[in-house]
Amino acid sequence: MKRLPSPKKTAYCLTGVLAAILLFSAFSILHAAWKSSGRERSGDPSTLEIYQNGVLIQSISLAQVSETYSFTVVGEGDAYNIITVSPDGAWVSEASCPDKLCIRQGSLPGSLLPITCLPNRLVIRLADDSPRETDNGADALTY
Amino acid sequence: MKASENRPSPRKLTVLSLMTALSLIIFYLESLLPPPVPIPGIKLGLANIVTLIVLNRCGAREALPVLLCRILLSCFFFSQAISLAYSLAGGLLCLLTMAVLQTLLQKRFLCLTSIFGAMAHNIGQMGVALALTKVPGVLAYLPFLLISAAVTGLFTGLCAHFSLKYLPKFPD
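Protein chains in written order, with our numbering: chain A, 37 to 179; chain B, 2 to 173.
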């Protein structure tokens, strides 16, 4: 039977793997922050997509929003999320989920992460995550 | 005859039941605390201290029923049904990772075992989130979850390390 490497040697290897994972994660977060600040600097109006159970239920171009309004997304059972949309962004203003994390996640754009309500399987994300150099603003999902 | 040999002694069964109750209490107390950051999946995971202790003192065969009982009972008493899928995926992947690492590290470097276990837990939960929401965009959470797992895993690993110093030997 093959002998296992010494625990010390394995620990060194694992520490290296851990450092690589942490570096990669930090780089991913910095990259997302850089992309987000680039979007803010460009001043391009964002398009938000709202998914429920993986199905795109609404796509909102913030350029077309002139005043603040709210609407309700109803899920299974009594589950619901009230989403408020303003010219500056969208956020979950009320929800039936117990932890209310989706409300605490703030508004998009502005947050690095999509707004997610896991109990109600709702995701709000920015439609275009790719760089906008060659983009003329049109999007297949924008209406 | 063989079946009775594999069966744990009543004393061991009692200790494992106590450990399950302890992890359930810790889970409940932690659930009373507000989430530290508004990112789904980020939590201290204090109940994992008990899993680590049982894994270290007895082995994966004993830690698995303790973990499964804790997950099933906590979902039944304190959480929604949907939490079961997240807890099972995260918990089982965490236990598998910790069991493999514990063998490789020969029960030393408990903090490393705990950190990788916490990371595996978050990866398992992310997999379920991805399967349920079907939106690849939720993967944006993964770097945040991995970094938080390193911090919380280190903390739970240290807690388990110091607890093991003072805990008596488990009965065979």
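It is possible that some hints are incorrect.
What the hints assert, rightly or not - Which residues of chain A face chain B? A partial, calculated answer using Cβ under 7 Å: (1) PRO43; (2) ALA47; (3) GLY52; (4) ALA56; (5) LEU59; (6) SER61; (7) ILE65; (8) SER78; (9) SER82; (10) ARG140; (11) SER143; (12) LEU149; (13) THR152; (14) LEU154; (15) ARG157; (16) ARG161.
Claimed, not checked - Pair ranges (Cβ atoms, derived): (17) A/ILE118 x B/GLU31: 23 to 33 Å; (18) A/THR104 x B/VAL101: 20 to 30 Å; (19) A/ARG39 x B/PRO66: 40 to 50 Å; (20) A/PRO43 x B/LEU168: 44 to 54 Å; (21) A/ARG39 x B/LEU34: 24 to 34 Å; (22) A/SER129 x B/ARG12: 29 to 39 Å.
Stated by the list, open to error - Here are the simulated lysine-lysine pairs, DSS-like style, with alpha carbons at most 25 Å apart: (23) B/LYS13 x B/LYS108; (24) B/LYS108 x B/LYS170; (25) B/LYS166 x B/LYS108; (26) A/LYS44 x B/LYS44; (27) B/LYS13 x B/LYS135; (28) B/LYS135 x A/LYS136; (29) A/LYS136 x B/LYS44; (30) A/LYS45 x B/LYS44; (31) A/LYS71 x B/LYS166; (32) B/LYS170 x B/LYS13; (33) B/LYS170 x B/LYS44; (34) B/LYS13 x A/LYS44.
These are calculated hints, taken from the structure and not from any lab test. Treat the numbers as computed from the prediction; the structure is a model and nothing was measured. We treat Cβ as the ideally placed atom computed from N, Cα and C, and that holds for glycine.
Measuring from the C-beta of A/SER61 to each C-beta in chain B, is the shortest one below 7 Å? holds (4 Å)
Is the hinted pair B/LYS166 and B/LYS108 satisfied, with a Cα-Cα distance of at most 25 Å?
Roughly 13 Å separates the two Cα atoms, so the pair holds.
- Query: Is it true that the CA of B/LYS170 sits at most 25 Å from the CA of B/LYS13?
  - Reply: holds (11 Å)
- Holds or violated: A/LEU59 as interface residue toward chain B, Cβ cutoff 7 Å? violated (10 Å)
What's the verdict on B/LYS108 and B/LYS170, does the C-alpha distance respect the 25 Å limit or exceed it? Roughly 15 Å between the alpha carbons, so the hint for B/LYS108 and B/LYS170 holds.
- request: Would you check the hint for A/LYS45 and B/LYS44, treating anything up to 25 Å between C-alpha atoms as holding?
  value: violated (31 Å)
25 Å limit on alpha-carbon distance, applied to hinted pair A/LYS44 and B/LYS44: Status violated; Cα separation ~30 Å.
Is the shortest C-beta separation between A/SER143 and chain B less than 7 Å?
-> violated (12 Å)
Query raised in the report: That 40 to 50 Å hint for A/ARG39 and B/PRO66 (C-beta), does it hold up?
Result: violated (31 Å)
Verdict for A/ILE118, B/GLU31 (Cβ pair) under range 23 to 33 Å: Taking Cβ atoms as reference, A/ILE118 and B/GLU31 lie about 29 Å apart, which means the hint holds.
Review point. Holds or violated: B/LYS13 with B/LYS108, Cα cutoff 25 Å?
Key: Given that 25 Å is the threshold and the Cα spacing comes to 20 Å, the pair holds.
That 44 to 54 Å hint for A/PRO43 and B/LEU168 (C-beta), does it hold up?
Once the Cβ atoms are compared, 22 Å apart, the range 44 to 54 Å for B/LEU168 and A/PRO43 is violated.
Hints 3, 4, 5, 8, 9, 11, 18, 19, 20, 21, 22, 26, 27, 30, 31, 33 and 34 from the earlier list are contradicted by this structure; the remaining hints agree with it.
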